[in-house]
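**Student:** Sequence:
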Amino acid sequence: MFGLYVHWPYCERKCPYCDFNSHVRVRCDENAWCEAVLKEMALVAALQGTGRPVLETIFFGGGTPSLMAGRTVGRIIDRAAKLWTIAENIEISLESNPASADAVRFVDYKAAGVNRLSLGIQSFDSAALTFLGRLHDADEAKSALKLAMSTFERVSFDLIYARPDQAAESWKKELEEALGYGTEHLSLYQLTVEPATPFATMEMRGVFAVPPEETAAALFEITQEITEKAGLPAYEVSNHAKPGGECRHNLIYWRYGSYAGVGPGAHGRLDLFGKRYATAAERIPERWLRKIGEKGNGFSVIEEIEPSVGARERLLMGLRLTEGIDMSDFPRRWNIELPAEKIAMLSEFGLIEVAGSRLAATTAGKLVLNRIIEELSV
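For the sequence shown, position 128 matches number 123 in my numbering, and the numbering has no gaps at all.
Heads up, none of these hints are tricks.
With a straight-line cut-off of 20 Å between C-alpha atoms, the simulated SDA-like cross-links for lysine to any residue are: (1) LYS167 with THR358; (2) LYS105 with ILE72; (3) LYS337 with SER372; (4) LYS168 with PRO228; (5) LYS237 with ASN110; (6) LYS141 with VAL102; (7) LYS286 with LEU42; (8) LYS105 with ILE85.
FRET-style restraints, in silico, Cβ to Cβ: (9) ASN26 with ALA195: 34 to 40 Å; (10) ALA82 with GLU164: 40 to 46 Å; (11) ALA162 with ALA41: 50 to 56 Å; (12) TYR176 with PRO326: 41 to 47 Å.
Keep in mind that the hints were calculated from the coordinates and are not lab data. All figures in this text were calculated on a predicted structure; none of them were measured in a lab. Positions of the beta carbon are idealized from the N, C-alpha and C atoms, including for glycine.
All chains, please: the whole structure from these sequences, using the hints.
**Tutor:** Shown next, in the form of structure tokens:
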């Protein structure tokens, strides 16, 4: 599968937990950003040559893509249809914040071709939303969700749990409320304090503390139980869906497919000339725009991926999936065999399951994925 990721880097406010490539600007030149994105798309297509793959998915991420005008989204989708053959059932997703949810804008996105909306709600508790630095409150979150569901057939939304002092009962109640809306997909993330974020400084100063590992693990297990019972089992560590409601674009990442990343700071993995290449664009929007003006593209990295790196990336991404990985990929794609003795040890500890050539992390294993990946990397 082949997908296109389009990065909109601008936000109205930077959330204190966020380490994504997002930037607050009083104003931005949306047309200049769009023209630059179109140039990067054309470059990727030119690199792929005449044997271009069918485009299965497009994902507008950020930042806050719902600050974009519908006509901008439409221009990018139209250009993609000229550069690649579009799959008949293409999935086109766009991320939105409740604070920028707007009925007219949503209708414009749908008319442009967006058929899946991902809403960054994060919590149905107003106090928690204030702590998380969000611009919306609980009522605005619920209104935005209802608006999204009345406009788009496919809707997902995000929640963050394992927040400071969050009790199991309060998380159960919040999760059950979320499931009550009946969306096909939920992304449920444990709060992680990333380096070089305001939350990292606050935690260091003792302003708050995230729950200890055993509490976070208990909340994770509660999450798996409740979502499974509701018919939205985990298909990835933090993502839950009804059968058929999985995010196809993100599955490309986790199954180590091929995807183009365009826009400031966007990353890509491209299969070119029988080899695998990594791409990365300049992160700062103004520098990215200047680089495109000077050189025709904003990429700071276009390099071949070494076999050992590719194999590790496959482990890192694939073991997040409930379906796991096909071990036969490794000798076929990278001439690497996964260590049989380590597989036996991890299986004995109940951290992985092996069925034929397929290897998957157990529920217990998903709590220590980094350790599993270190053990299996060669």
